[in-house]
Amino acid sequence: MRRHRRASLAATALLTGATAFACEPPLRGAEVQRIEGLRHVIAWRAPHPLPLAEFFALDLAACARDGGALKPPRVDATMPEHGHGMNYRPRVTTLGAGRYRANGLLLHMPGRWRLAVAIGQGDRAETLSVPIVVE
Amino acid sequence: MIPASIARTAARRADEPRRARRFPARAQNWGLSGGVERGGNRFVARARRLAAESLAALALAACAAAAPPADADDPTAFTAEERARILSLGPWPPPFAPDPSNRASGRPEAVALGARLFFDARLSPDGRIACVSCHQPDRGWSDGRPRARGRTDLPRNTMAVVNLQRQRWYGWGGGADSLWMASLRPLLDAREFAADAAVVARLYDRDADLACRYALSFGQAADAADPQRVLVNTAKALAAFQETLTTGRTAFDAFRDALARGDAAAAARYPAAARRGLRLFVGRGNCVACHNGPTLSNGEFADVGVPYFVAPGVVDPGRHADLQQLRASRYNRLGPYDDDAGAGATATRHARLEPRHWGEFKVPGLRNVALTAPYFHNGSAASLRDVLRHYSELDESRIHASAQPLLRALRLSAAETDDLLAFLESLTAPVAPHPMPPGDADCAAPGAQRR
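Top to bottom, those sequences are chains A and B.
Under my numbering, the first residue of the first sequence is numbered 1, with each subsequent residue one higher.
Under my numbering, the first residue of the second sequence is numbered 136, with each subsequent residue one higher.
I should point out that these hints are in silico values taken from the structure, not numbers from a laboratory.
Every residue gets a Cβ at the ideal spot worked out from N, C-alpha and C, and that includes glycine.
Some hints could be false.
To list a few chain B residues with every Cβ distance to chain A over 10 angstroms, as calculated [to be verified]: (1) Asp273; (2) Arg291; (3) Asp340; (4) Gly448; (5) Gln459; (6) Ala486; (7) Arg491; (8) Trp493; (9) Ser548; (10) Glu560.
Cβ pair distances, simulated, as ranges [what the hints assert, rightly or not]: (11) Ala476(B) with Glu135(A): 28 to 36 angstroms; (12) Pro565(B) with Arg101(A): 42 to 50 angstroms; (13) Gly68(A) with Val445(B): 48 to 56 angstroms.
Given these sequences and hints, build the entire structure.
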């Protein structure tokens with residue numbers, strides 16, 4: 001698995017022309033999930049199960065594949081089927097060493113949501129997203 | 136039982152001819168006794184109960200996954216998804232949790248003061264209006280009118296003041312982020328009480344019993360405090376009283392708990408029509424998308440296709456306007472009167488204002504909904520049957536483009552409408568205040584009112 005990931009990173013670096021640095025977000029544990037982007041990797045952890053109509057926070061870690069410095073990501077969630085997002089705007093605080101905490105998330109309806117993390121600046125910016133489900 | 140002096144005061148005031156016309160309810164309809172549920176053991180017990188329910192639900196879910204329900208007569212015959220959604224509508228009642236933004240919250244002295252103030256028309260300059268004028272105990276703590284009437288007709292339906300503790304937003308547009316802010320707004324509104332800090336201060340000047348109770352509640356005599364602070368504290372006492380008004384356990388709660396335990400015999404006592412209605416509620420009707428959680432509300436806002444014109448050419452923008460008013464108010468939870476210094480003001484801090492909030496109104500809780508006709512923010516549905524007809528025949532084109540497309544005309548049959556009504560009516564129970572220790576004794580003692 002790890003060998004496969006290294007090969008994938010090398011291929012990505014080749015495609016994007018970026019120098020491949022070790023990009024391992026500093027957040028680990030059984031509940032941590034990853035989103036692999038072209039230029040960034042995000043690791044995130046949320047309460048399980050995701051609470052319905054109650055506030056929760058998200059732990060995040062990020063790194064750039066080119067080893068560049070990062071500004072705090074922006075976090076949001078939408079419900080694509082119903083064409084709306086959250087009624088709240090999360091705020092991200094920097095914890096240091098590539099770690100962040102997003103406060104103020106509230107998913108007010110059960111169903112399929114999409115968690116989006118926007119990271120990077122300028123032509124290095126990308127938005128990584130992942131489906132999440134609230135029961 | 137209600138403290139005797141509250142009952143005496145309410146009865147005396149109700150005996151006055153003018154007030155008797157305006158305040159048909161009697162304070163004797165609710166009681167205040169017992170102990171505040173704040174101990175850690177209670178939370179442990181609750182956690183254990185939830186864990187036990189989860190295990191039982193998992194076991195039932197496993198059975199359901201193995202064999203989809205086919206027996207319509209089996210009261211526990213729900214799919215795993217239906218069962219999970221049903222269980223999420225409880226348990227009930229919730230444990231009492233004091234409001235950190237209100238230092239009077241959960242304090243028996245403040246509850247006793249708030250109970251008296253709630254029935255006291257002297258909070259309005261001309262003695263015409265009290266909280267109970269619109270929030271009448273024998274009308275489900277609402278008023279039975281399509282739209283509220285204060286000094287003048289108001290554009291929105293009166294919301295019942297039950298099950299209010301620890302909500303994020305109060306009012307149809309969420310114009311208040313605490314119960315005390317929601318209690319303060321009508322006091323200052325020229326269309327309602329038309330009061331101000333001076334009117335409220337005068338009340339304590341002229342009533343030694345209230346002055347004594349104020350001092351007990353807030354640790355300082357009203358006449359020694361800043362009038363603005365007295366005004367806000369009065370609203371906090373009103374909030375302390377209102378947050379004790381919790382609807383009791385219903386037939387639905389007994390069924391829900393039986394389902395959690397896997398107790399088919401107990402579940403069978405819940406009427407079949409209500410069970411069918413519940414299945415529609417959590418299933419095809421998808422009402423649970425917004426009416427979820429133990430209060431059967433997600434506490435948020437929605438446009439459900441009810442017109443927001445309140446008069447020709449006059450609109451009620453709902454959430455869009457009220458959130459802006461909230462942000463501009465010094466009485467919000469980020470302001471100087473929050474006893475939590477804004478620490479718990481997560482919703483206020485993160486609230487997002489978007490065009491889609493235009494014409495959205497709060498999703499009301501459904502406990503005791505059968506007692507609070509008429510319905511919707513503008514009182515345009517005279518009965519629950521009319522509400523169901525609205526959702527059955529919904530004009531989908533009426534909902535603006537960015538609203539939830541999850542709303543579809545349900546096309547309910549007559550039998551389905553009856554079943555949903557049976558379910559909604561099964562959410563009815565008398566208000567059972569959270570037990571509080573009596574808060575009267577000190578002011579009832581001889582000489583106590585000179586404190």
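Now for the hints, and whether the structure bears them out:
Chain A leaves aspartate 273(B) outside its interface by the beta-carbon criterion, the shortest separation being 31 angstroms against a cut-off of 10 angstroms. With a least CB separation of 20 angstroms from chain A, arginine 291(B) remains clear of the 10 angstroms interface cut-off, as annotated. With a least CB separation of 42 angstroms from chain A, aspartate 340(B) remains clear of the 10 angstroms interface cut-off, as annotated. Residue placement check: glycine 448(B) keeps its beta carbon more than 10 angstroms from all beta carbons of chain A (closest about 29 angstroms).
Taking the minimum C-beta to C-beta distance to chain A, about 14 angstroms, the non-interface status of glutamine 459(B) holds against the 10 angstroms cut. Look at alanine 486(B): its CB is around 6 angstroms from the nearest CB on chain A, not clear of 10 angstroms, so calling it non-interface is violated. With 10 angstroms as the threshold on Cβ separation, the claim that arginine 491(B) sits away from chain A is violated: the shortest Cβ distance comes to roughly 6 angstroms. The beta carbon of tryptophan 493(B) is kept farther than 10 angstroms from every beta carbon of chain A, the shortest such distance being approximately 13 angstroms.
No beta-carbon of chain A is positioned within 10 angstroms of the beta-carbon of serine 548(B); the least distance is around 25 angstroms. For glutamate 560(B), the non-interface assignment is confirmed: its Cβ lies about 24 angstroms from the closest Cβ of chain A, beyond the 10 angstroms cut-off. Take alanine 476(B) and glutamate 135(A): their Cβ atoms lie about 35 angstroms apart, and the range 28 to 36 angstroms holds. One distance hint, 42 to 50 angstroms for the beta-carbon pair proline 565(B) and arginine 101(A), holds here, with the actual separation near 44 angstroms.
Checking the proposed 48 to 56 angstroms range against glycine 68(A) and valine 445(B) shows it holds: the Cβ atoms sit about 55 angstroms from each other.
Hints 6, 7 from the earlier list are contradicted by this structure; the remaining hints agree with it.
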